[in-house]
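From the two separate chains plus the hints, produce the assembled complex.
Spelled out from the first residue to the last, the chains are:
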Amino acid sequence: MAIEGEKKVFEVELEASSLVKEIRESYATGKTRSYKWRMSQLQRLVQMLEHHEQEIAEAIVADLSKPKFEALAYEVAMLKNSCSLAIKKLKHWMVPEKVKTSITTFPSSAEIVPEPLGVVLVISPWNYPFLLSLDPVIGAIAAGNAVVLKPSEVSPATSSLLAKLVGEYMDNSLIRVVEGGVAETTALLEQKWDKICYTGNGKVGRIVMAAAAKHLTPVLLELGGKSPVVVDSSINLQVATRRIIAGKWGCNNGQTCVAPDYVLTTKDFAPKLVDALKHELEHFFGENPLDSKDLSRIVNSNHFARLTKLLDEDRVSGTIVYGGKSEKSTLKISPTILLDAPRDSLIMNEEIFGPLLPILTVEKVEDSFDIINSGTKPLAAYLFTNNKKLKEQFVMTVSAGGVIVNDTVLHLSVDGLPFGGVQESGMGAYHGKFSFDAFSHKKAVLYRSFAGDAPVRYPPYTKGKLRLMKALIGGSILSAIFALFGLSKD
Amino acid sequence: MGEVEKSLAELRKTFKSGRTRSVAWRKNQLRALLDLISDKEEVIFEALHQDLGKHPVEAYRDEIGVVKKSASFALNNVEKWMAPKKGQIPLLFFPAKGEVLPEPLGVVLVLSSWNFPISLALDPLIGAISAGNAVVLKLSENAPACSSFLAKTLPLYLDNSAIKVFEGGADVGNELLQHKWDKIFFTGSSRVGCLVMTAAAKHLTPVTLELGGKCPAILDSLSNPSDMKAAVKRIVGAKWGACSGQACIGVDYVLVEDNFKSTLIELLKKTIKKFYGENPKSSKSNARIINKHHFERLRNLLEDPLVADSIVHGGSSDEENLFIEPTILLNPPLEAEIMTEEIFGPLLPIITIDKIQESIDIINSRSKPLAIYAFTKDETLKRKILAETSSGSVVFNDTMIQFLCDALPFGGVGQSGFGRYHGKYSFDTFSHEKAVLQRSFFPEIEPRYPPWNSFKLKFIRLAYNFDYLGLLLLLMGLKR
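From first to last, the protein sequence lines stand for chains A and B.
My numbering applies: residue 1 is where the first sequence begins, and numbers increase by one.
My numbering applies: residue 491 is where the second sequence begins, and numbers increase by one.
Just so you know, these hints were derived from the structure itself, not from any lab.
Heads up, a few of these hints could be off.
[Claimed, not checked] Stretches of chain A that chain B covers, calculated by requiring three or more beta carbons in the stretch to come under 8 Å of a beta carbon on chain B:
| hint | stretch |
| --- | --- |
| 1 | 76 to 82 |
| 2 | 93 to 105 |
| 3 | 211 to 225 |
| 4 | 233 to 242 |
| 5 | 398 to 405 |
| 6 | 418 to 425 |
| 7 | 441 to 447 |
[To be verified] As a list, the in silico EDC-like pairs of lysine to aspartate or glutamate whose alpha-carbon atoms are at most 20 Å apart:
| hint | chain 1 | residue 1 | chain 2 | residue 2 |
| --- | --- | --- | --- | --- |
| 8 | B | K575 | A | E392 |
| 9 | B | K946 | A | E58 |
| 10 | B | K914 | A | D437 |
| 11 | B | K764 | A | D453 |
| 12 | B | K872 | A | E111 |
| 13 | B | K867 | A | D453 |
| 14 | B | K575 | A | E97 |
| 15 | A | K433 | B | D918 |
| 16 | B | K946 | A | E53 |
| 17 | A | K214 | B | E832 |
| 18 | B | K506 | A | E392 |
| 19 | B | K874 | A | E111 |
| 20 | A | K389 | A | D367 |
A virtual CB, placed ideally from N, CA and C, is assigned to each residue, including glycine.
So that you can see chain B by itself, here it is in the shape it has in the complex (with noise of 0.2 Å):
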């Protein structure tokens, strides 16, 4: 494939001119970028329609006005974090300048996914821009009307000959990976991120994977019922009301006191009606599952017996529609696959536990999530949770909104993933931190240079410690 070594030259080229460096470049092409995004609105939305079966609500909130309000952040910020950081400089050293002065990497790959398949591929993009770079934006053929929306639309109102995009499969993605990036910033699963990161050491390519996880929602008892309906109304939102579970931030399973499971599921059947309705298969709030390879896999982690008999709710699908009913389970056996996978679906399984506290083990005795979501008023609790466990995040009383809060850093550890972006983070994700030191030629400092003795060495020791009266001893003579 010649198509992608002629495009990394271009990028190359252009990156060496120096153009994608100056602040009019990035702040163009981030106003490009909101133009794109409010000219073609209806355009996106009836793609997500298309691919995922998103309502324009849905799409708006987790995608194009994400995408808005990232480009936003950015445009207004971008001069401010070019700017050189001043670092502390000994005193020993006067004068001396010292900086940390942010420098784009070069020619980034930036790999999206298709499940938010508009923000995905923007967000990082949006970074990438921001940071001064090349980049080169492959779409993920999974969802075909966005990822031909964007291949054909970003050309018209970004600047080509540095930013290009790929759509396709697999094959288009290893022949990327077989080249020399100057960062690859990857969003997907933990199995292709470890080929990604592979690939990338060939070429010493630093990476920010961007992975997933079985992110757990601890129901804590709350006494006051409202706040329980509200916590309730949260989890539903996260479960089915983001891309019908099919998000790498959404409450993957619930864990719940024994003594509550029933209210539990009462109230959640009753949010899941009241949402879409008697009838969820008609319901335009809920989207679908991306492809019938997805649709086949979720419905396989239905078919183990035991599996099955611990469905409380729902439990139907519709291959030709693509739609599985929001389903609720009741303590599904933890070694089924249900529980060790991570579902990325609209199913919800309920695992109860004596103690609210031995949540933490059963979270523990799994790969770190992406989130972890905390429904209590117990500050013991919450600061045991915050002490004991690990994930990416963690949010107290609520699901998935820590995506909107700009000033905090959205990534994974362990198994789902490292690094981390949004908001400014974007930015120094995708930045080199150039520490830069500027001395004068005086005054000298005599005891650096050999040959060496003991008062040399003296003077080093002191001025190691700081010590600058110790110093000033030495040099009248005063200090053995």
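So that you can see chain A by itself, here it is in the shape it has in the complex (with noise of 0.2 Å):
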């Protein structure tokens, strides 16, 4: 890491130039564009997943002292889930889709063929390093394209297994790994990409953009936000409590794109939800939650201080109403709960990304909708009750990128819904086939026969002309055939 500090800005540039030019050159023959490149690299990653498993744990736990549980379960076992799932559909996926015609064009036949983008460019956090590095590369092999993946240096024991095994299992030509800091990913941002897809937050995504638009790139951005969940008050207590642990700090301690930022729930009901969750927090990681081995640390030194800092702010420290614990040596944070922070504390408006969950309480739960809705769309909402009326009122008027009911973060394992923000928690989604098609171009192919010409259509026009045009674009077939028989309802 010592030597990229050292590298002259123009080396980096001029490398990150000479690789995409080797790339282009290795996708213009066109090798990608066959199922059975695309199977075999989707079988070697596969492969890959399986025979280094434990490897892959031990380097995420190095990180981020993720329990390795967590680690496999939720990066390497949701991994090889999406990769079986691109192997299995892949030939389906593929396939151009037949659509309808109408009048207009007859006689013709059309189909949306998909194709790759080409040489894409994906840049992945550190939270989840390895699941959401390799997520989108998948999608973007399954779609045929090159790939260049920069994963995070704040993750560099991910990042260098990483490069590799990817350099071991994958066809180098095509796809690659590079690994840095903030030179190589600038110098990397410069280049032209045929899409780029960064996950991360909305200050690097706007620097991302921003960069795509100079060469009239298409992103995927998925960044965040703070979600929130509602609690209302007829529930089974216990189960919300649980999901909302589970999705919080079962998750990376809260350092999760979708974990629940804070609850909003009635004053009345507020003291009861605090004792659940203390009470299920205890069951969950012991007396001493800084010894729990089920508990990720914070990332870095940075990120700690941040924590702290929304702690340490002054009306903040008294809202305390459990944990509030830190150790800064092991980086660690304890579960913390706090009731009615103020509104305009940093802690109310910035997303938390760690282990502190603050409870605001409103009158009605109704009034939830509306403080969520004043702040920017968050990348996930979700709402805890058995009434049908609250549902469809959160369904319908809170803008999130996902919305779950009477549960938390699972919308991310359904392959059957697309995953993606909205507003300032991104743009585009991915997973199952909207990952295949967030890397492809839909073209749009027209079949048709020379014959069947509307004289119509061209010059000398004249006054016939125009009521025939009329009916034709009109659809209609009766018209058309009135006004070519010199009828016309005109």
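Right, dumping it as structure tokens:
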């Protein structure tokens, strides 16, 4: 890593541009377009995951002190699943979609043919360093693209393992990993790509999109936000609590883009909810959560400082009702609950991305929806309720990337649902077939015969042609016939 | 310009009130648009004639008819489009419901172009309305009669608190682009597309860019003379018959094998004469160049002596009437501007090659166009073109007509843009597809919760594989 720091800027740029040139030349050979090549790469990926599962888990643990379970279940297993789905469905995804044509273009047939965009760039984050690196890559490969992957330098063990394994298992003329930090990412962003997929925060999302704009490159931005959980009173409190805990602290200790960021509940119900949370938290993580092996640590000292600062803010520290403990040497922060931190405090305005859960109380549970909609649109929004009307109101009026009723985070593992944000939480979506689509161009193809030409299309233009034109474009066979015979309703 | 801020604030307020989300509102706006088009048909013909010299047939075919068709199609389908789409949920999560629910993005900006000043303004507007958004429509100042007509008339028919129209030039455009939108839809040049996307990046606003490029027509050898005639008619129609070449999906240049060049040129000349008569300048079927700037740009393309030498038909122009004669060139140098820039005018270069397959390399050496047209009966060549080139769309044995097919997405790739519209795609492009998952409190999947152990890990692995038998065995203690 020290070597990278000494590299001159133009060297890094030169490397980036020659890398892209090389990959474009390989892509131009047409190799990635065959079903065979795509399947071979996907199969190699599965092999890689199977043969190196433990190594991968260990790297993730080294970077994040993530419980090995989480690394295996939420990264490796999910990736295998994603890859297996692509392998199973690829043939079907690659088939052109036949579409109906109307009388206006008769006689004709039409279809939509998916084709790769070309050479794509995937920039991934540190919190699910394996999953969020390779999941988009799976989509890119399935769609027949060449890929350059730039993993996060904040998770160095996984970054270097990715570089090693991709180098060993994948077709290096078309799939490459570039390690590095800001300099390398900037150099890569200067190049011309056919698509850029970025997972991370809104600040860098803007930089990525601005860089993409120079080359008119489309982007897939998976960002974040403050994903709220609205908790109604007439529910199975224990189940709801466990699902909130699983989604918040059970996923990388809150460092997850769709983790419940804060809770909204009624003033009356809040004490019950706090008690239930305390009870279940102890059940899951024990009396001394800082010692629990089932909790990730905070990724680095920057984020540790950021999170402790959120708690230290003047009127905030007094609202802590549970937890609040931290250990700088191990970068650990215990599950922390706050009750009614001030609305204008930092913790209530920035995406927390950590193990702190503020609870905001309202008079009526319906008031939560306005509060949520007054902020920027989050990546996810959650509601726990048995009230049918409330469910409907929530689904119809709360705008977020995705919403779940009576659970948290789960929609990520459902391949049949698109995963992506809206407005500040991102643009575009992926997972399952949506991944294939995200990295494809859907080319419209129309087949016509030489016969069947309406002279009305061509000059010289006359009033008669105008009548016939109106009938033809209107699509009504009857009026077309009328017009042909010189009869008309006009 | 407080005008923009004021308008935006009003639009946001309207959108927040939920009015634009109702089916009734959307349908009313669409019906109002249909009324506008039919009430004002003659006025529109007049405006298009004033701005571009378009004949009513062309105006109807490319603008009025298109808008009518789009609005009717949207009116008939909007309720269907608004319905949530079911998503497959794994059995493991039973009982659960998953669906994708389209919702409006919010307040959107549509920036339209001057070459089809009615349809390129109203067609995206139809999409934005049917998806339930509030809209600002910015018209092109280069087509002043149409701009003024729309600016005056749209407010008389549509809901002004939700749909606003702005006239003006680059300064108005720039002002609008500084603000935060929930989507920007742009039709125009790549150069301005870049500026639009850069401005959008500041607010993470998603964009659809409908740009242009050099759309080639590949003309293979056609043994049947009537096929050849039909092909040439369609090429002429797509070059000069649509806004005198000023169309993003018009034919930019033709690729043909060397031994057919004479036949082609003869047929082109004959067809031009049939369409426009002996003196095209006096033909009422010939649209004009939009303004002096573009007239000069086009004339300059012919200034290069090597290019001027390659003219085999036409070449004359009349600045006062903004008229350029249908012009054919034979093999102008490939590095000349006429072969590197999108022509967007009535000049047709013919590039000859030894074998028709070479067209693919020539096309691939340039940026991806909005459309590729190929006239051929050779199935192998068709497959090759489809597999080895990339473009927004491909049409075999015709030109431009893909524009009328509502079931086909209309959009570019690479330098010709990204995003798409027409038909349902218009609705989609102005919507956010929200994933919705609904679960019940029972049954519980215990292995989801810490503390972790190897049993739970096994469970999750089997769950991911949808290995329900394995799960059953595991739960019964029969799997190690």
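Against the structure, the hints come out as follows:
no., hint, result
1, 76 to 82, "holds (count 4)"
2, 93 to 105, "holds (count 6)"
3, 211 to 225, "holds (count 7)"
4, 233 to 242, "holds (count 5)"
5, 398 to 405, "holds (count 7)"
6, 418 to 425, "holds (count 5)"
7, 441 to 447, "holds (count 7)"
8, K575(B) / E392(A), "holds (16 Å)"
9, K946(B) / E58(A), "holds (19 Å)"
10, K914(B) / D437(A), "holds (17 Å)"
11, K764(B) / D453(A), "holds (16 Å)"
12, K872(B) / E111(A), "holds (14 Å)"
13, K867(B) / D453(A), "holds (17 Å)"
14, K575(B) / E97(A), "holds (18 Å)"
15, K433(A) / D918(B), "holds (17 Å)"
16, K946(B) / E53(A), "holds (17 Å)"
17, K214(A) / E832(B), "holds (19 Å)"
18, K506(B) / E392(A), "holds (18 Å)"
19, K874(B) / E111(A), "holds (16 Å)"
20, K389(A) / D367(A), "holds (14 Å)"
This entry satisfies every hint, going by the numbered hints stated previously.
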